[in-house]
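Trainee: No gaps in the numbering here: position 41 of the sequence shown is 41 in the UniProt record's numbering, and each next residue is one more.
Worth flagging that the hints you see were computed from the coordinates, not collected in a lab. Here the structure is a predicted model, which means the values were calculated and not measured. Be aware that one or more of the hints could be misleading.
[Stated by the list, open to error] Restraint-style ranges between C-beta atoms, simulated for each label pair:
hint, residue 1, residue 2, range
1, LEU7, GLN108, 20 to 28 angstroms
2, LEU7, GLY99, 34 to 42 angstroms
3, GLN72, GLU6, 21 to 29 angstroms
4, GLN107, ARG57, 34 to 42 angstroms
5, GLU39, LYS109, 38 to 46 angstroms
Built from N, CA and C at the ideal position, the CB exists for glycine as well.
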Amino acid sequence: MTIEPELCKVEDALGILVGKWKPIILLHLMKNGTQRFSELKRSVLGITQKMLTKQLRELEDEDIIERVVYPQVPPKVEYSITEYGKSLEPILAAMHEWGTNHTIHKQQKLMKKTTEQSS
């Protein structure tokens, strides 16, 4: 690897994506396209309205998602991935693949340990 540790920007990237909800929100928007707040709330199981609002604002501040407010009653607000935000898709896919492989690795290690202990 040719990244100089003192110049590494991984921490900056993680600062944008870190958290329980942001990757899930992004994956829903990438998969389903533009969504209203209520649709996202229903899609992201377990998230509170306050937390969803916070996470969406943070992603909007980083230009990862776009928020469009329609001037009507009742108010209509839609969220979508920006072109810039779409650049995260291969990163999220790689993180998903690594997470899947890591889960398998941990299961295999546990099975090996259990087998060794029973021998």
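Trainee: Hint by hint, work out which the structure violates, then give me just those numbers in ascending order.
Mentor: Checked against the structure, the hints that fail are numbers 1, 2, 3, while the rest are satisfied.
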